[in-house]
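Engineer: The lines below spell out each chain.
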Amino acid sequence: MRNILRPLSPAATPEERQPFAQIAAVDGGLVIAALLLAAVGLATVHSASSELAVDYLPRQALWVGLGFVLLIGAVSIDYRVLLDLSLTLYLLGLVLLALVLVLGDVRGGARSWFVFGPWQFQPSEFAKLATTLFVARYLSGIDQPVLALRQIATAVGLVALPMLLIVVEPDMGGAAMFVPLLVGMLLIAGVKLRYLLTAALLAASLGFGLWTFGMKEYQRDRVMTFLQPERDPLGTGYHVRQSKIAVGSGELFGKGYMQGTQSQLRFLPARHTDFIFAVLAEEWGFAGIVTVLGLFALYIRGGARIAMRARDRSGILIVVGLLSVFCFHVLYNTAMVVGFLPITGIPLPFLSYGGTFMLYNFTATGILLGVDLRRYVNR
Amino acid sequence: MKVVRELREDLIGRIRLMNGLVTGLLVAIACCYWFVQIVQGDHFRELAENNRLRKLPIKAPRGLIYDRNGHLLVENIPSYNLLIDRSRSASLPAALAFAAGILGRQPAELQAIVDRDRATPGFRPVLLAEHLTLPQVAQVGVEGLEFPEFEVEVQNLRLYRHGPQTAHALGYLGEVTPQEVERSDGAYSPGDLVGKRGIEQVFDHLLRGRDGERVVVVDSRGKLLEEYGRRPAEPGKPLKLTLDLDLQQLAIQLFDGPDKVGSVVALDPRNGEIRAFVSAPSYDPNLFARRLAREEWEALIGAPHDPLRDRAIQNTYSPGSVFKIVMATAGLAEGIVNESDSVWCSGSNTIYGHSFRCWRPGGHGRVDFHAALKLSCDTYFYHLGQRLGIERIARYARLFGLGTPTGIELRGENPGLVPDPAWSLARRKHPWYPGETISVAIGQGPILVSPLQIATMTAIVANGGRPVHPHLVEGAEDDLPAPPELPERVLRAVRAGLDAVVNEPGGTATGARPSDVRIAGKTGTVQVIAQSARTNPSSMPFRFRDHGWFTSFGPVDDPQLVIVVFLEHGGSGSHGAAPIAKALYEKYFATAQPRRDS
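Respectively, the protein sequence lines represent chains D and S. So that you can map any letter, position 341 of the first sequence is 331 in our numbering, and since no number is skipped, the others follow by simple counting. Here our numbering = 1-based position in the second sequence + 48.
If we strip away everything but chain D, and leave its shape as in the complex, we get (with noise of 0.2 Å):
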């Protein structure tokens, strides 16, 4: 912990003075893949909302144009001055955490945003890109081939901190969310075989714990219901019943845009946030699904090789860290909307609707590309 506080960016050399100079060296993969998943996000947002009180197109076109505005303002900042602001970022997300807490306002039974009017911001969002930052600075000090024991405990706890605030909200899908990224640049880190099955065995033991003790009666119910869809024919088996159908009447080529029975006719729940991608798997078919998958594993792929060629240890554990939770959310998102992991509040990225995760997810890339873009100098 001592030289998290010593400054990591060096004086500048000539090159990365102008960053943009080098622009055509970024993975264009990521961002032609990161453009084409908000487009359809747009396209998917407005026909699931149709039937809904208000068209939520335009005010997620504003997200994407303020995500735009985010990835430019984060590619042009070095990441090592990030890493040097990394401890303030963290605290400040810690403090925002807690005060939301206090100042917040309940929506979906936690008390996870702040509400000024009509603009809603939650802090959770924040916390993770500031933990991620601050993780990495803290385990790129480290130059040895597997982390100690006391190492690991450490970023355990850097990550817990702010998890534990997010489970009191209580927003279980929220503190889910730091799993991946401490997990992500723990592995990438390196971590003995043994400490990874003790890891294991007490995940288990303490999602055993958290059953019987931890969980609230609704949330038991959900996965509960996930194990036996006929348990609750209104609540949440309806929601996976009605999903897979959406998925699978949507055969090869879907009903058309707009054309779903399912999203249009309101059988589909959260069909404009947690569940749009049923609602693509209906209207554009196993061809669509197929499509953005693979712009998503576009995304993915340039991301790890951002990490393979990064100029440093801290790089790498930057583009890890935001790269796992971003692998997590497609994959359980995914998962969910056909009915194969219990249904939780996981978006999916660029194309979910809401605004800070929007926000989120731009900032991030842009965090992504400002590390690809630096690559070349002091290797």
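Honestly, the hints are just simulated from the structure, not real lab data. Don't take every hint at face value.
[Stated by the list, open to error] Over the 12 Å line for every Cβ pair with chain D, so calculated as not near, a few chain S residues:
#1 A96
#2 E97
#3 K107
#4 G277
#5 P286
#6 D416
#7 W480
#8 E484
#9 A638
[What the hints assert, rightly or not] Covered stretches of chain D, as calculated for chain S (at least 3 residues, CB under 8 Å):
#10 117 to 123
#11 232 to 244
#12 276 to 282
[Claimed, not checked] From chain S, some residues computed to sit far from chain D (all C-beta separations above 10 Å):
#13 A78
#14 G89
#15 L140
#16 I161
#17 V190
#18 P196
#19 E201
#20 P226
#21 D304
#22 E387
#23 D389
#24 H478
#25 V565
#26 P627
Cβ coordinates follow ideal geometry from the N, Cα and C atoms, glycine included.
Fit chain S to the known structure of chain D by using the hints.
Structural biologist: Okay, now just chain S, sitting in the frame of chain D:
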């Protein structure tokens, strides 16, 4: 900070491994979709096409509304709508011809309705007709067996039993706006009917209850097979109003006739419970329960005297001589006059260089405090106003609740205006003229009040100086009496003066004496145009005629009811407004006396 070469290779190897793992999982998920969409696709397509599961709302019945004696004011009646699901139709023209036969309309008309919705997907039912009669519903059910595309939907309609008679208090429902849906945080969904005005609007959260839902299994023809699950609706809460239906009905009947424009407010001065709340002309809220046609709406908007306007709280007027109640109280309470001081009224006065005439051309002669109220002598109050000054007049007007909303539950209340020099500078950008004080002293000039404010003002005199909060819903307010804010000695003298107005020879409202109960009151006549331009009232155009006020309370020795009558362009307070109050007192105290003292 330099990464050792082999460490870097380690990291890259692990990244490659994880990238492979994630790509593998994505492929696995794609396989899941392939299985569900391609292998099981037919199965799910069939499920989707048959819509085997349907989620149907169970509409919560809206709360009923009663008057204080348990008379039903609003109820819910079923109404039947005919819908057509075009995707089930074998031959649309045949189906429309069948429906046209039952409805007694031309098939072309129905075709036009269907055409209007051409852009929407075929599986979404289109509303063909509303408010089917029961024989029509039966006909669709029996003869329509070969036309599975028709659905009859039952909807609850609000029936306002007394229509226009309770319109301004109760309000009406209308379709929720997208903004309201968004603000409601899930309480409203698109297409819901919600309160738009009156009690229906303000107490919507209690009246609406909570809709339930049920999921049913239907066959491919849309016929219900079985229920799959349900969550029952929670019915809306009933409301009991403080209104007295008999009094309310009589009051509005007394306003029957063309050019009868105005308002009646009756309330209990002890607790602020409103007994009658009338604004004339009125409208029929049942028009809104059915979908209002554009012509009907335009007729309502363009109707003479704007029936949608609630004259009891949304309009403000000069109070005229009823403001002398405030003036008299202020004069005594401030020690400017005592009860025996008197003024000589010759009929005309010159104050601040202007001529101010008493309403009685020859003057009233010698007038003391008691006589000034009884005769409504302007001269007395001109002099009193000059000595009080506008600041003190304004302070007392506010003590009586003027210039601020009364706090009644309904929305859109006009606070009126109590003018003073600060207001003049801020809003009119010129100083207060001393002559205006003299006008305000007899309730003319810039001062503005609503009929409900005059009712609360009078209630304060009647109940011994305690502020009242007028309300329409029983139990919505705590009825604890507030401490008096005005000395009882002063109010007793004012009440005696108001008693004389009705009960002593020469009073301005002796014609309003009810048979069974002794009341006190004050008349007011508001000039709309300058006195010099006046001719015979009945020959003047409507909009130039005087406004008439009468405010009153009774019984004098134990006030239980305040009645304010305001007639817009309805002539003098004595001849137009006071007789209406008389009839209302006779009704109220003849029919329901035993219940009053609880």
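Engineer: With reference to the structure, classify each hint as holding or not holding.
Structural biologist: So, going through the hints one by one against the coordinates:
| no. | hint | verdict |
| --- | --- | --- |
| 1 | A96 | violated (4 Å) |
| 2 | E97 | violated (7 Å) |
| 3 | K107 | holds (16 Å) |
| 4 | G277 | violated (4 Å) |
| 5 | P286 | holds (28 Å) |
| 6 | D416 | holds (61 Å) |
| 7 | W480 | holds (40 Å) |
| 8 | E484 | holds (43 Å) |
| 9 | A638 | holds (53 Å) |
| 10 | 117 to 123 | violated (count 0) |
| 11 | 232 to 244 | holds (count 10) |
| 12 | 276 to 282 | holds (count 3) |
| 13 | A78 | violated (5 Å) |
| 14 | G89 | violated (4 Å) |
| 15 | L140 | holds (19 Å) |
| 16 | I161 | holds (20 Å) |
| 17 | V190 | holds (29 Å) |
| 18 | P196 | holds (17 Å) |
| 19 | E201 | holds (15 Å) |
| 20 | P226 | violated (5 Å) |
| 21 | D304 | holds (43 Å) |
| 22 | E387 | holds (58 Å) |
| 23 | D389 | holds (59 Å) |
| 24 | H478 | holds (38 Å) |
| 25 | V565 | holds (55 Å) |
| 26 | P627 | holds (52 Å) |
Checked against the numbered hints listed earlier, the structure breaks hints 1, 2, 4, 10, 13, 14, 20; every other hint is satisfied.
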